[in-house]
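Number of protein chains: 2
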Amino acid sequence: MASQQFEPPSGTRDFLADALRRRERVFTQIREVFARYGFEPLQTPAFERLETLTGKYGDEGDKLIFKILRRGEHEATGEADLALRYDMTVPLARVVATYGSKLPTPYKRYAMGPVWRADRPGKGRFREFAQCDVDVVGSSSPLADAETVCALSDALDAVGVRDFTVLVNSRQALAGLLEVYGVPSDLGGGVLITLDKLDKLPPDKVAAELVDARSLSPGTAEKLVADLTAFDAVERMRGALAGSEAGRAGLDEIDRLLELAAPKVGKDRMAFTPRLVRGLDYYTGVIFEITAEGMPGSIASGGRYDHLIEALGGPDVPACGGSLGVERIIGLLDQTAEDGDRTDVAVTLIAPDTAAEIMGFAARLRDAGLRTEIYLASSRKLAKQLKWAADRRARFALIYGAADREAGVVTVRDMDTGDQSQVPPEELVAHLAGRCAPSS
Amino acid sequence: MASQQFEPPSGTRDFLADALRRRERVFTQIREVFARYGFEPLQTPAFERLETLTGKYGDEGDKLIFKILRRGEHEATGEADLALRYDMTVPLARVVATYGSKLPTPYKRYAMGPVWRADRPGKGRFREFAQCDVDVVGSSSPLADAETVCALSDALDAVGVRDFTVLVNSRQALAGLLEVYGVPSDLGGGVLITLDKLDKLPPDKVAAELVDARSLSPGTAEKLVADLTAFDAVERMRGALAGSEAGRAGLDEIDRLLELAAPKVGKDRMAFTPRLVRGLDYYTGVIFEITAEGMPGSIASGGRYDHLIEALGGPDVPACGGSLGVERIIGLLDQTAEDGDRTDVAVTLIAPDTAAEIMGFAARLRDAGLRTEIYLASSRKLAKQLKWAADRRARFALIYGAADREAGVVTVRDMDTGDQSQVPPEELVAHLAGRCAPSS
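So the protein sequences, as listed, match chains L and P.
Numbering of the first sequence is given in our numbering, commencing with residue 5 and proceeding in unit increments.
Numbering of the second sequence is given in our numbering, commencing with residue 5 and proceeding in unit increments.
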């Protein structure tokens with residue numbers, strides 16, 4: 005076989021120990037935060053019925069769904085009946101539809117796990133990647149929006165993301181904006197899509213696109229872009245939005261969210277951001293994105309989407325939620341291995357007839373919670389086995405040769421300093437437990 | 005849509021909070037044990053290239069593989085190019101082939117996660133289910149076999165399985181058995197498959213099958229079955245096996261494993277079991293099964309399989325390993341919700357203008373690690389909100405009405421006793437932290 009055939013399939017990854025432990029650590033930290041907020045975990049199957057997924061992600065999305073061939077006699081038809089999970093929201097809608105009254109009201113759930121998309125793989129873009137969502141289904145309270153923002157922000161703090169900012173806007177404020185600037189209502193959607201590019205393109209390009217691609221009058225386009233990108237954009241917008249009912253309602257929503265999330269997030273880490281659009285058109289209320297110093301793009305986002313659950317096949321219930329860009333966050337966090345990954349004790353075996361005694365030492369150390377490994381290769385040379393202990397990043401090595409046995413002691417070698425001490429077997433645990441961190 | 009369409013696909017399950025937390029708790033306990041033994045986690049993708057999996061599980065197995073349709077322009081061909089993971093061993097062989105020298109030697113890894121098989125769903129039989137494997141690749145040391153048995157046994161202790169026994173045998177001992185009883189070598193494989201049924205069928209049925217289906221002479225069949233099922237079967241077998249070279253080598257292997265695993269497992273929880281066969285013919289050395297009081301069948305099994313990694317496409321390296329029947333174990337463990345799942349503090353909201361203050365209380369409680377929930381539905385009636393707090397199994401409810409606010413206190417209600425006390429907001433954390441268990 006060509007060696008390429010041993011690589012994982014295109015766009016997927018094997019996670020060996022260090023990378024996996026780093027991922028799991030981040031997932032655990034996030035889970036702990038969500039649990040403190042009373043979000044409940046939900047895990048749905050890796051695949052859904054094909055018809056549950058098709059038509060939910062647009063034409064482009066549909067093409068990226070991994071479909072599973074029917075089985076047995078139906079395999080030859082070449083038809084699919086199942087498909088791999090594409091996101092966490094459609095399964096949520098299905099669960100709300102299935103379990104309705106058995107779920108708490110509101111249903112606050114988090115979901116964290118892989119999703120699969122047949123995208124062209126690229127730098128930082130995978131076909132199997134983790135998503136991490138929190139949602140509150142069945143509450144229209146502004147507190148639900150605030151709880152979502154607080155939980156995500158708290159999770160970012162927990163995993164060690166520094167200097168992030170929560171950008172806040174509202175779909176109602178955007179509707180008011182279009183109204184106040186006299187954008188014809190049939191052009192509104194396209195105008196917003198173009199305005200969404202203000203953080204990537206220079207203002208004049210955006211203004212040009214508003215005219216060329218969105219048929220907006222040059223005067224309106226220029227004024228809109230100038231006001232949104234001015235140093236005092238927030239004040240200009242607050243002034244402008246006050247002149248529209250939708251605008252005022254939007255500002256109220258925004259201010260309410262800023263007020264309610266402030267005790268946790270802090271006022272200085274949140275900002276009303278009038279040009280924040282969020283591409284997806286299912287949002288109905290407040291929207292937000294979280295950006296961090298040194299990380300291009302956003303690391304979390306979300307908002308209120310009061311009719312999405314129904315559109316996805318569930319009941320018509322108000323809902324809000326957000327996503328952590330957990331793959332990006334893991335990719336950007338410090339990659340250094342941590343002390344917790346070290347082996348506490350590496351047990352050498354130089355005299356084969358001591359194997360059973362050695363297993364006994366290991367059993368006692370492990371019972372005391374120490375991460376203990378036994379030499380399993382075939383060399384009987386101490387130097388080679390100490391090299392192995394060093395490779396395993398062991399704190400201590402145990403040596404139990406004929407002389408040790410005769411003297412009734414075990415030699416404990418500090419692998420960092422090279423110091424050795426003779427310890428009676430019955431004192432091994434007491435001797436080592438205090439000197440090793442608890443294993444995880 | 006018919007409501008059945010909201011069910012998860014046939015053979016799969018949605019895990020809601022309680023069930024998922026129970027599963028995760030078991031997984032975490034097992035992971036901690038494996039880590040203490042120096043087994044490293046490995047996570048491979050949910051799918052592999054189709055050709056990596058086909059031909060590895062026999063004809064029956066091949067039919068149960070979930071195949072993924074090619075995408076884009078190739079979708080219409082009805083061909084598959086990927087397939088869902090069917091077990092943890094083939095991906096291990098692929099990883100050993102890919103990362104060879106980058107892996108520690110020996111490579112001790114555990115893998116825990118879902119696999120998918122298109123089996124007919126039934127009671128306790130799923131199409132998506134978790135597997136949990138430990139393996140040592142690259143060591144032929146008897147210590148590696150013992151470490152595997154100890155790690156699995158330790159994991160069973162950790163998750164709370166009581167009264168289990170490790171049944172031990174050896175492929176070499178079985179070869180010796182066939183030799184000593186004069187079974188023609190071409191009949192050996194079939195004879196072992198039939199003998200494997202001794203724990204399900206009465207001895208005379210097994211003897212009859214040996215004659216009818218396996219062409220064994222009636223005298224040999226009867227003697228074999230009688231000796232294997234005698235009350236002193238172990239002594240008879242020890243005597244018989246001493247007369248064959250393979251038999252003696254097998255007994256040595258078995259005794260070595262019993263000796264080396266004894267410090268951890270305990271002599272009284274292990275037993276040489278001459279009639280233990282283990283169906284899979286890739287085992288080459290010691291084999292074992294773990295059975296538990298009150299659980300039919302085995303809850304863990306494994307052995308040495310020195311050429312399997314090569315047969316699966318990897319290099320030719322000695323290896324041994326075992327599997328925990330983690331779905332069965334979870335299914336049989338105590339199903340009661342545990343205290344750790346309780347909400348610590350349920351925060352009511354009866355005066356809407358106190359929302360921001362309430363968010364502040366919640367933020368401080370969560371920062372102190374307390375699992376805290378805020379009332380997000382629309383009622384402003386205290387009775388209804390206390391009902392919600394009870395439904396959430398909260399230990400305490402916070403009440404902050406106009407009178408409380410005026411008095412500068414928060415009312416803390418003990419939900420178990422109904423006792424209420426007035427606490428100044430700045431003392432809330434101190435008041436509650438000691439009375440709630442740390443949230444997990």
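Any given hint might turn out to be false.
In silico lysine-lysine, DSBU-like type, Cα no more than 35 Å apart, as pairs [what the hints assert, rightly or not]:
no.	chain 1	residue 1	chain 2	residue 2
1	L	K127	P	K388
2	L	K106	P	K391
3	P	K271	L	K271
4	L	K106	P	K271
5	P	K385	L	K106
6	L	K391	P	K271
7	L	K271	P	K391
8	L	K60	P	K127
9	P	K67	L	K67
10	P	K388	L	K385
Coverage of chain L stretches by chain P, computed from C-beta distances (three or more under 8 Å per stretch; other residues unrestricted) [said to hold, decoys possible]:
no.	stretch
11	105-112
12	142-148
It should be emphasised that the hints constitute simulated quantities derived from the structure, not laboratory data.
Positions of the beta carbon are idealized from the N, C-alpha and C atoms, including for glycine.
Results for each hint:
1. The hinted pair formed by K127(L) and K388(P) fails the criterion: a straight-line CA distance of about 52 Å is larger than 35 Å.
2. Distance hint between K106(L) and K391(P) is fulfilled; the C-alpha atoms sit about 16 Å from each other, no more than 35 Å.
3. This hinted pair does not check out: K271(P) and K271(L) have alpha carbons roughly 64 Å apart, beyond 35 Å.
4. In summary, the hint linking K106(L) to K271(P) is not supported, as the alpha carbons are separated by about 48 Å, beyond the 35 Å threshold.
5. Between K385(P) and K106(L) the CA atoms are separated by roughly 23 Å; this keeps the pair inside 35 Å, and the hint holds.
6. Our distance criterion of 35 Å between C-alpha atoms is met by K391(L) and K271(P), whose separation comes to about 34 Å.
7. Of the supplied pair hints, the one linking K271(L) and K391(P) holds, its CA atoms being roughly 34 Å apart against a limit of 35 Å.
8. Simply put, K60(L) and K127(P) have alpha-carbon atoms about 33 Å apart, close enough for the 35 Å limit, and the pair holds.
9. Note on K67(P) and K67(L): the hinted pairing holds, with a Cα-Cα distance of about 27 Å set against a maximum of 35 Å.
10. Taken as a hint, the K388(P) and K385(L) pair is broken in the structure, with Cα atoms around 73 Å apart against an allowance of 35 Å.
11. With 6 residues bearing a CB less than 8 Å from a CB of chain P, the stretch 105-112 of chain L meets the requirement of three and the coverage assertion stands.
12. Evaluation of the coverage hint for the stretch 142-148 of chain L: fulfilled, as 7 residues show C-beta separations to chain P shorter than 8 Å, against a requirement of three.
In this structure, the hints that do not hold are numbers 1, 3, 4, 10, in rising order.
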